[in-house]
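Visitor: The primary structure of each chain is shown beneath.
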Amino acid sequence: MAALAISEAADGRRVLALSGRLDASTIRGVWTDGRKAIAEATGRRVVVDASNVDYCDGAGVAMLVNLMQQAGPGKLQVENLKPAFAALLHQFDPERLAQDLDPPAPRRSAIEEVGVIVAGVGQDIRDQIAFIGETAAALAYAARHPSTVRWKDVGSICERVGADALPIVALISFLLGVILAFESAIPMRRFGAEIFVADLIGISMLRELGALMTAILLAGRSGAAFAAEIGTMKVNQEVDALTTMGLDPVRFLVTPRVIAALLMTPLLTLCADLIGLLGGALTLRTFSIPFVTFVHEVDSIVTFSDFMAGFAKSFVFALLIAGIGCLRGLQTRAGASSVGDAATRAVVSGIIMLVIVDGLFAVIYFFLDI
Amino acid sequence: MARDDEPIIEVRDLTAGYDDVVILEHVSFDVRRGEIFVILGGSGSGKSTLLKHMIGLDEPSSGSVVIDGADIVVAEGDARREILRKIGVMYQSGALFGSMTLAENVRLPLEEYTDLDGDEIELIARMKLELVGLAQFTGHLPAEVSGGMQKRAAIARAMALDPKILFLDEPSAGLDPITSAELDALIKRLARSLGVTFIIVTHELPSIFAIADRVIMVDRRTRGIVAEGDPRRLRDQSDNPWVRQFFRREPEAQPA
Numbered sequence: 195m196a197a198l199a200i201s202e203a204a205d206g207r208r209v210l211a212l213s214g215r216l217d218a219s220t221i222r223g224v225w226t227d228g229r230k231a232i233a234e235a236t237g238r239r240v241v242v243d244a245s246n247v248d249y250c251d252g253a254g255v256a257m258l259v260n261l262m263q264q265a266g267p268g269k270l271q272v273e274n275l276k277p278a279f280a281a282l283l284h285q286f287d288p289e290r291l292a293q294d295l296d297p298p299a300p301r302r303s304a305i306e307e308v309g310v311i312v313a314g315v316g317q318d319i320r321d322q323i324a325f326i327g328e329t330a331a332a333l334a335y336a337a338r339h340p341s342t343v344r345w346k347d348v349g350s351i352c353e354r355v356g357a358d359a360l361p362i363v364a365l366i367s368f369l370l371g372v373i374l375a376f377e378s379a380i381p382m383r384r385f386g387a388e389i390f391v392a393d394l395i396g397i398s399m400l401r402e403l404g405a406l407m408t409a410i411l412l413a414g415r416s417g418a419a420f421a422a423e424i425g426t427m428k429v430n431q432e433v434d435a436l437t438t439m440g441l442d443p444v445r446f447l448v449t450p451r452v453i454a455a456l457l458m459t460p461l462l463t464l465c466a467d468l469i470g471l472l473g474g475a476l477t478l479r480t481f482s483i484p485f486v487t488f489v490h491e492v493d494s495i496v497t498f499s500d501f502m503a504g505f506a507k508s509f510v511f512a513l514l515i516a517g518i519g520c521l522r523g524l525q526t527r528a529g530a531s532s533v534g535d536a537a538t539r540a541v542v543s544g545i546i547m548l549v550i551v552d553g554l555f556a557v558i559y560f561f562l563d564i
Numbered sequence: 541m542a543r544d545d546e547p548i549i550e551v552r553d554l555t556a557g558y559d560d561v562v563i564l565e566h567v568s569f570d571v572r573r574g575e576i577f578v579i580l581g582g583s584g585s586g587k588s589t590l591l592k593h594m595i596g597l598d599e600p601s602s603g604s605v606v607i608d609g610a611d612i613v614v615a616e617g618d619a620r621r622e623i624l625r626k627i628g629v630m631y632q633s634g635a636l637f638g639s640m641t642l643a644e645n646v647r648l649p650l651e652e653y654t655d656l657d658g659d660e661i662e663l664i665a666r667m668k669l670e671l672v673g674l675a676q677f678t679g680h681l682p683a684e685v686s687g688g689m690q691k692r693a694a695i696a697r698a699m700a701l702d703p704k705i706l707f708l709d710e711p712s713a714g715l716d717p718i719t720s721a722e723l724d725a726l727i728k729r730l731a732r733s734l735g736v737t738f739i740i741v742t743h744e745l746p747s748i749f750a751i752a753d754r755v756i757m758v759d760r761r762t763r764g765i766v767a768e769g770d771p772r773r774l775r776d777q778s779d780n781p782w783v784r785q786f787f788r789r790e791p792e793a794q795p796a
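Protein sequences appear in the order of chains R and G. At position 20 of the first sequence (counting the first as 1) the number is 214 in our numbering, and the numbers step up by one without a gap. At position 128 of the second sequence (counting the first as 1) the number is 668 in our numbering, and the numbers step up by one without a gap.
Pulled out of the complex, with its shape left as it was, chain G reads as follows:
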C-alpha cells in the first residue's frame, strides 16, 4: 500500500500554450495521494489549460505529467489507456452523450472496460446516480434535465469505474447552494472513505474552504503558480497581497 503523502501526480517543468501564445511556463507541483487539491486562478489564467494537459487532452511543448508512476505526455496505446483507466473527468459543460440516457451515459465506461453482465452494470450505474441524487432520472436524456443535474450525472459517469483520481472542472458552478453543499459533502466522503484523489478547478470560495486540503493559484501574468498551500493560511498569511485579496473577495487586486 502506498504511503499517504506520496505524490500521485507529479507535474514537472510544464510549458504549454496554443499557437504562439505561451500560457504556462515551467510549472511544477505535486498532488498527494488522497487529497482534495484545488486549482484556482482568475479568468483566463490557464487553469483549464493546466487541467487539459494533466488529463492528456493537449500535448505540452515541454515537461511531464506523471500520473501514478507513468508519464501521460509520452504514453501511447495500451499504456495510455492504463493511465486513463485510473482517472475520471467531469467537464465543465457535463459533456454527457446527448443521444444516451443518463443511465446509459454512466453504463458506457463500464460496458467498455469491464466484462460484467448487463444487470450488474445496470446496478452499478443506478448506484452511482443514486449517489448524486438522480435515481429518478436514470431514463431521461441529458436535454430533458437541468444543467445542474447534467453536471451531477457527469460526476456519476466520471465515477463509474471508481477511478483513483477524479478531475472536476467547475463542479459547483451553476448549482444552488444546497446542491453545491451536498456535492462538497460527497467529494469529502469519497476522498476520506475510498482514498480518491480530487483535482478540482473552481472559484467557489465557500466550497474551497469547506473541502480543499491544498490549493495552487495560477496567474496569467506570471504564467505559473503564484501561491500554493492551505487556503486558510494563504488567506491570512500570504506574502502576496493579490492572493490575500482573492481569498477575501476584495476588488482592485493587482498581483505583486
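Here chain R stands alone, though its shape is the one from the complex:
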C-alpha cells in the first residue's frame, strides 16, 4: 500500500512524505491527495520526501511527474528517492511532457472541406474513366499480342469468376423468375390474362434483369475479390516488385482479370436469362399454363434484338466491374484496413457505375428504337 503524510517544514516549505509501494494499483488515493495538497500550497515550495518509498514503477513516476507539473517549474523537489527509481524519474522532463509535440493540423473551414470533397469526387471519377480507358488500351494490346497474356492466370480466374459463381447466379435468377411470375400472375388473373406474364418475364429477364443481376452479383463476388487480391499484393510490395521488374501491373494483374470477366459474364448472363425463364415457366404451370404454351408465347413476343440488348450490356458491365475492382486494388495504400476499404469501394462504385451505365443504355435503346 501507499501512504501520504503532509506536514509543514520550519522554512515554510510543505512536505509530502510518501511511503510504501507506488504502482498503478496503489497510488490512486495518494495521487488525488497529493494534487490537493499542492493546490492548497499555491506559490509555496513543495518537497516530496520519498525516503520510505519501497517500490516505484512507471505509474509511480507518472504521479511524481504530474505533481511536478502541478506545482510549476522548479517549485517541487523530490528528495531521497532510491537511486534505482530516481533513474526512472530523471528520464522525463515534466515541461516537455506537458507540450503537445505533434499538434493536430489546423482544421479546414467547412467550405474548404466541402471543396476538398468535391474535388476528390471529381478526381475519382476522372481516375475511373482514365483507368477504364487504360484497361481498354491494354485489352487492345492483348488482342494484337495474345502471347503476352498470362493465359494460365486467365484460366484460373475464369473458374473463380464463372464456374464458381454459377450456383448463386442460378439461384438468384431462378427466384427472380418465380417472384416476377407470381407477383404479376395474381393481378393478371383477374383479367384472365395470365398468359401475358410469359411476355413480361421474357422481355424483362432478357432485356434487363438477367444482365443486371449477373453484373451486381459479379460486383459483389469478383469485383470485391479483385480489389482485395490486388490490394493485398500492393500492401505486400508485390506490385512494386512487378514495377521494378519492368513488368506492367496493368498487363500482369488487370488484363487477365478483365479478360476472364469479359469471357464469363456474358455466359453467366445467358444462364441467368434461361434459368429466370425456367423459374417463370414453372410458376405459371401452377396457374395451369403448360410449359409448351409458355415457350410458344415467349417465342412469339420476344425478339432476337431483345436478347441482344441484354447480352451486349453484359460485356460493358464486365469491363466496368472488373476494371473498377482492379483500380480500387491498385489504389490501396498501406495497412490491412485499406484492403477492406478497397473491397468496399470496389463494390460500391461498381454498382453505382452499373446503374448509371444501365440508364445510359436505356436512353440509347430508346432513341435507337431497339
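Misleading hints may appear alongside valid ones.
Under the rule of at most 20 angstroms between Cα atoms (straight-line distance), these lysine to any residue pairs were calculated in the SDA-like manner [unchecked claim]:
1. R:Lys346 to G:Thr641
2. G:Lys592 to G:Arg620
3. G:Lys626 to R:Pro443
4. G:Lys626 to R:Thr437
5. R:Lys346 to G:Ile661
Some chain R residues well away from chain G (every beta-carbon gap over 12 angstroms; in silico) [unchecked claim]:
6. Glu202
7. Glu306
8. Arg344
9. Ser350
10. Phe368
11. Met382
12. Ala387
13. Leu394
14. Thr426
15. Asp434
16. Ala435
17. Phe481
18. Pro484
19. Ser532
Don't read these hints as lab results, they were simulated from the structure. We put the beta carbon where it would ideally sit given N, CA and C, even for glycine.
Use these hints to put chain G onto chain R, whose structure you have.
Guide: Below, chain G alone, put in the same frame as chain R:
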C-alpha cells in the same frame, strides 16, 4: 569496359517527399561501379524514400537519378524497361508472389525477358535458389517457408537476370547470425567476381563493417546526407558526434 571508379548511379539534387512533407532535400551522391554501397540512417530518416526514388517507384519533386547513363526519373516506355532490366530489387518483406512457388517466382523475370526454353529457365532458377541455400524448397509456396527463407528467395529472384545493380532493402533483418553472415559472404562474392554493384539499406553494424565499401547516412533533421565514406573511418574519425555514436551503438545521440 568501364573504369571501376566511374559512377554507375548518379543522384543529383534530389528533393522528395509525400503530400506537403519534404523528406529529402537537394541530395546528391554517386555510387561507383562494383562497390557495396550502404545507406544508413535512423528510423524515419528517409532511407526507404531514397531507395524508392532510386528504383523509380516514386517520382521526386526535383532532381535526377542517372543509372548507367540514363535518367530513371524521366525515362518512359522501352527506355525505362531498359533501365529496370539492369537492376534487381529485394524488398524488405520479400514481396514474393504468393500464388507462385519459389522456383516460379525466380522463373518469372526469366520468362518475361528472355527467349530461353523452359528447361534452361528451370536450371537457372534452380541455380539461383541453390546460391541462397533454398534448393530443397523450390516447389514450396512463399507462405510455406519462414520469413528468412522468403527473403533469401527474394534475393534469388532479384538476381534472376544477373542485373548489374542489386538493391537490397534490409536483407539481413530477421535472419539468424549464421544465415546473415552467409548472405554477407554471398554479396561480397557477387560483387568481387561479377562486378555487381550493391546498394543496401541496413542497420546491421557487423554486416556493414564486414562488407560495405562506402556508406552514406541520411538524417531526418537535415533532410539529407550527414556523412559519407568508409564506415570504419566514420566510426573513428567523423567530426559529427552523432555519426560516431551511431557506429558505436551508443545511446543518447543528438545530431550536431
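Visitor: Are the hints correct? Go through all of them and say.
Guide: The hints, checked one at a time:
Restraint check for Lys346 of chain R and Thr641 of chain G: satisfied, since their Cα atoms lie roughly 15 angstroms apart, inside the 20 angstroms limit. With a CA separation close to 15 angstroms, the supplied pair Lys592 of chain G and Arg620 of chain G stays within the 20 angstroms bound. Taking the CA atoms of Lys626 of chain G and Pro443 of chain R, the gap is near 19 angstroms; set against the 20 angstroms cutoff, the hint holds. Of the pairs offered as hints, the one joining Lys626 of chain G and Thr437 of chain R holds, with about 13 angstroms between alpha carbons and a cut-off of 20 angstroms not exceeded.
Taking the CA atoms of Lys346 of chain R and Ile661 of chain G, the gap is about 18 angstroms. The hint holds against a cut of 20 angstroms. Remark: the non-interface label on Glu202 of chain R is consistent with the geometry, its nearest Cβ contact in chain G lying 40 angstroms away (cut-off 12 angstroms). Its beta-carbon lying about 15 angstroms from the closest one in chain G, Glu306 of chain R satisfies the requirement of being farther than 12 angstroms from that chain. For Arg344 of chain R, the requirement that its beta carbon stay farther than 12 angstroms from each beta carbon of chain G is not met, with the minimum near 10 angstroms.
Interface exclusion of Ser350 of chain R from chain G breaks down, the closest Cβ pair being 9 angstroms apart, not more than 12 angstroms. Its beta-carbon lying about 34 angstroms from the closest one in chain G, Phe368 of chain R satisfies the requirement of being farther than 12 angstroms from that chain. With 12 angstroms as the threshold on Cβ separation, the claim that Met382 of chain R sits away from chain G holds: the shortest Cβ distance comes to roughly 52 angstroms. In this structure Ala387 of chain R is separated from chain G by more than 12 angstroms, as the shortest Cβ-Cβ distance comes to about 55 angstroms.
At roughly 46 angstroms from the closest C-beta of chain G, the C-beta of Leu394 of chain R stays outside 12 angstroms, upholding its exclusion from the interface. Its beta-carbon lying about 8 angstroms from the closest one in chain G, Thr426 of chain R breaks the requirement of being farther than 12 angstroms from that chain. Consistency note on Asp434 of chain R: stated as away from chain G, yet its beta-carbon is not over 12 angstroms from all of that chain's, at 6 angstroms minimum. Interface exclusion of Ala435 of chain R from chain G breaks down, the closest Cβ pair being 4 angstroms apart, not more than 12 angstroms.
At the 12 angstroms boundary, the C-beta of Phe481 of chain R stays outside the reach of chain G, the nearest C-beta of that chain being 51 angstroms off. At the 12 angstroms boundary, the C-beta of Pro484 of chain R stays outside the reach of chain G, the nearest C-beta of that chain being 51 angstroms off. No beta-carbon of chain G is positioned within 12 angstroms of the beta-carbon of Ser532 of chain R; the least distance is around 15 angstroms.
Hint compliance for this structure: hints 8, 9, 14, 15, 16 are not met, and every other hint is.
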